[in-house]
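Asker: Add chain W to chain D, keeping to what the hints say.
Number of protein chains: 2
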Amino acid sequence: MKPTIRDVAKMAEVSISTVSRVMNAPETVIESKRSRVMDAIQTLQYQPNAFARGLIYKKSFTLGLLIPDIENLYFAGVIRGMQDACIKLGYSLMICNTDRDKERLLSYIDAFHEKQVDGIVFASDVLYPEYYEKLVGCRIPFVLVSSHSDEYDIPCVEIDDEVAAYDAVKFLIELGHKQIGMIGFNHDNSISGPPRYDGFVRALNEFGLEHNVEKIKFANHRFEHAYQAAHELFTEYPEITAVFCVADEFAMGTISYLKDRNIHVPGQVSVVGFDNLRMSTMFIPKLTTIAQPIYDLGYRAAEKIHELLTTGSVEVKREKMEHKLIVRESSREK
Amino acid sequence: MKPTIRDVAKMAEVSISTVSRVMNAPETVIESKRSRVMDAIQTLQYQPNAFARGLIYKKSFTLGLLIPDIENLYFAGVIRGMQDACIKLGYSLMICNTDRDKERLLSYIDAFHEKQVDGIVFASDVLYPEYYEKLVGCRIPFVLVSSHSDEYDIPCVEIDDEVAAYDAVKFLIELGHKQIGMIGFNHDNSISGPPRYDGFVRALNEFGLEHNVEKIKFANHRFEHAYQAAHELFTEYPEITAVFCVADEFAMGTISYLKDRNIHVPGQVSVVGFDNLRMSTMFIPKLTTIAQPIYDLGYRAAEKIHELLTTGSVEVKREKMEHKLIVRESSREK
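Here the protein sequences come in this chain order: D and W.
The first sequence begins at 1 in full-length UniProt numbering and counts up one residue at a time.
The second sequence begins at 1 in full-length UniProt numbering and counts up one residue at a time.
It should be emphasised that the hints constitute simulated quantities derived from the structure, not laboratory data.
Bear in mind the structure is a predicted one, so any value in this text is a computation, not a measurement.
You may find that some hints are simply not true.
Copies of one chain are not kept apart here, so a pair can be met inside one copy or by any two copies together.
Stated by the list, open to error - The calculated EDC-like cross-link candidates involving lysine to aspartate or glutamate, where the alpha carbons are at most 20 Å apart (straight line), are:
{"hint": "1", "residue 1": "59", "residue 2": "114"}
{"hint": "2", "residue 1": "286", "residue 2": "224"}
{"hint": "3", "residue 1": "88", "residue 2": "114"}
{"hint": "4", "residue 1": "88", "residue 2": "103"}
{"hint": "5", "residue 1": "88", "residue 2": "110"}
{"hint": "6", "residue 1": "2", "residue 2": "110"}
{"hint": "7", "residue 1": "59", "residue 2": "110"}
{"hint": "8", "residue 1": "88", "residue 2": "69"}
{"hint": "9", "residue 1": "88", "residue 2": "101"}
{"hint": "10", "residue 1": "2", "residue 2": "114"}
{"hint": "11", "residue 1": "286", "residue 2": "260"}
{"hint": "12", "residue 1": "88", "residue 2": "99"}
{"hint": "13", "residue 1": "134", "residue 2": "151"}
{"hint": "14", "residue 1": "102", "residue 2": "84"}
{"hint": "15", "residue 1": "2", "residue 2": "133"}
{"hint": "16", "residue 1": "259", "residue 2": "329"}
{"hint": "17", "residue 1": "286", "residue 2": "167"}
{"hint": "18", "residue 1": "59", "residue 2": "307"}
{"hint": "19", "residue 1": "178", "residue 2": "214"}
{"hint": "20", "residue 1": "178", "residue 2": "333"}
{"hint": "21", "residue 1": "178", "residue 2": "210"}
So here's chain D without its partners, still in its complex pose (with noise of 0.2 Å):
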């Protein structure tokens, strides 16, 4: 049998809620009693009941994670990041793979409302009305990571997307490249696809070469996606010397193309990708790349919920964190 709270109280003389009070509010206990509770406790190996817990704190200190493709390396290190915060604020993580299936999604709003997780971490998905009703309904509170709302005031932690697609466009331009294309994500399911778009037409105007914004395709999560839009852009624009990727599984994918093309990158064509995978230093050529903090981003998340669940709100709602170009070996002068 495992002890229980009435084994400690009867091995350390005391009342059971004095040994309630000793876990919740030791400040308020005594320290003799208080040590007596503490030696029961260590040698019965006493472990509180979270059931219990929850019920009178109606807290289950536990914080749900809902990502949209577990085997996105992106989402693999923002798990890493939220963990590690998770861990220092004393949080157990949930995580739920919803496949980008909004069914699913919100049947796992659902669990996490059964279980009663403090609050919810939402990430790179658009939130769509059935979502926020969802979650507002169930009355938990929740933070957005790689994504933010326009339509709702919700706190999120992102980084500057426009910003950092004209960079890496604005870096190919500065290389000399003057045809330029772009394979981009889908803007109707996509949260960063508008900004990142945007950010690469401004850029082009910026120095001239508005010539280029309709070399764009789109494509999905996914390298094989990719691999076909590469087909279709360069077919339609065999000009183009550099590609702007929004993704770093994008622009392998591009580059697995032109491979297949015998086009050499970056002797002849130039790719810049962007999130900084792990991946990126392990594909041949290895990747020039807009590093996100990923890491970062997904540990901060967590302190903002933890921040909303402790104080009601926010200092910053919406946060934006540093991206930095990194140049590797798929780009060079043009």
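Answerer: Coordinates of chain W only, in the frame set by chain D:
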């Protein structure tokens, strides 16, 4: 205020215990009352309290998963499979990333204990005595995935690592290679390291190529270490024309090294990986590899812990799943 079971009982004009029975043993409640209760639950959007449910049943309907490295794509696949099985079986999944840190792993077991998870799946790591004792001490049932234990009698799901490695090496031998090296896992902290080495040695012996058994270098679990190990292997044995790598990440590290030395894969050296990660088709060249049924391993592990929790035992204690050699671009006839 959230609606309570009391509110449901009042609206349905039944007792609280009737509401409880509708939720937990509906066949014991007559139809007319049952439908009144269901209507009230619907109208009030009542969610049963998981804590209270846990106190009654002493079940949390939550499983814990311990993985060594969330940034290794192998585990992403295992998580997908486990999570799909959990949805089917009615569990939530709590995932913890240990970073192969003993202290952290032990503290996660404490957290699982505190949250009263019903069972734990322990992935791809050696079951050290201190882990075993902690789990047994906490009285949490557990199973192993991509791991096993010779010391302790614990249910597990894995592939046959020895045969899989044998198949990979035999394939290289049948391509005509006579100078064959290996990049393996360090034996002292790896569960699949020794059997994969044994498979390498058995294939060499069977085909009279024993002179290769010394041609092995060890790496930890990451790309960068494999790059370094490949450097050591080819410096010491420049005659090698084929390498068996015990992980796709090692194959990618080895190919990167060879690329930097201007040694062509597969023109001069053939490389076979292990796992069949999603990355193995994205890499240039696409990897020839031993495919593990990664998703299915995760799925079966969840089913196995469920079997253990619901029946008290498992039918197949040490379950082996099928592997398969997939030939792509990184290997060629000698």
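Asker: Next, verify each hint and record whether it holds.
Answerer: Checked hints:
In this homomeric assembly, residue 59 and residue 114 come within 20 Å of each other (Cα to Cα) both inside a single copy, at 12 Å, and across copies, at 13 Å. Taking identical chains as interchangeable, the C-alpha atoms of residue 286 and residue 224 lie at most 20 Å apart whether they share a chain (19 Å) or sit on different chains (13 Å). Within a single copy, residue 88 and residue 114 get their C-alpha atoms only as close as 25 Å, which misses the 20 Å cut-off; across copies the closest is 17 Å, which meets it. Taking the shortest Cα distances, residue 88 and residue 103 sit within 20 Å of each other only across copies (14 Å), while inside one copy they are farther apart (33 Å).
With identical chains, the CA atoms of residue 88 and residue 110 are at most 20 Å apart between copies only, with a shortest distance of 15 Å across copies and 27 Å within one. Taking the closest pair of Cα atoms, residue 2 and residue 110 come within 20 Å of each other only across two copies (14 Å); inside a single copy the shortest separation is 31 Å, beyond that limit. In this assembly of identical chains, residue 59 and residue 110 lie within 20 Å of each other by CA distance both inside one copy and across copies; the values are 17 Å within and 18 Å between. For the identical chains of this complex, residue 88 and residue 69 are inter-copy neighbours only, at 19 Å across copies versus 26 Å inside a copy, given an alpha-carbon limit of 20 Å.
Taking CA atoms no more than 20 Å apart as the test, residue 88 paired with residue 101 passes between copies only; the shortest distance there is 16 Å, against 32 Å inside one copy. Taking identical chains as interchangeable, the C-alpha atoms of residue 2 and residue 114 lie at most 20 Å apart only when they sit on different chains, with a minimum of 12 Å there against 25 Å within one chain. In this assembly of identical chains, the alpha carbons of residue 286 and residue 260 lie at most 20 Å apart whether taken from the same copy (18 Å) or from different copies (11 Å). When the C-alpha separation of residue 88 and residue 99 is checked against a cutoff of 20 Å, the pair qualifies only between copies, where the shortest distance is 16 Å, while the shortest distance within a copy is 29 Å.
Taking the shortest alpha-carbon separations for residue 134 and residue 151, only the intra-copy value of 15 Å comes in at or below 20 Å, while the best inter-copy value is 49 Å. In this assembly of identical chains, residue 102 and residue 84 lie within 20 Å of each other by CA distance solely across copies; the values are 15 Å between and 28 Å within a copy. Within a single copy, residue 2 and residue 133 get their C-alpha atoms only as close as 41 Å, which misses the 20 Å cut-off; across copies the closest is 15 Å, which meets it. For the homomeric pair residue 259 and residue 329, the shortest alpha-carbon distances inside one copy (15 Å) and between copies (13 Å) are both at most 20 Å.
Taking identical chains as interchangeable, the C-alpha atoms of residue 286 and residue 167 lie at most 20 Å apart only when both belong to the same chain, with a minimum of 19 Å there against 32 Å between chains. With identical chains, the CA atoms of residue 59 and residue 307 are at most 20 Å apart within one copy only, with a shortest distance of 15 Å there and 31 Å across copies. Taking CA atoms no more than 20 Å apart as the test, residue 178 paired with residue 214 passes inside one copy only; the shortest distance there is 14 Å, against 54 Å between copies. Taking identical chains as interchangeable, the C-alpha atoms of residue 178 and residue 333 lie at most 20 Å apart only when both belong to the same chain, with a minimum of 11 Å there against 44 Å between chains.
Within a single copy, residue 178 and residue 210 get their C-alpha atoms as close as 10 Å, which meets the 20 Å cut-off; across copies the closest is 58 Å, which misses it.
Hint check: no violations occur; every hint is consistent with the structure.
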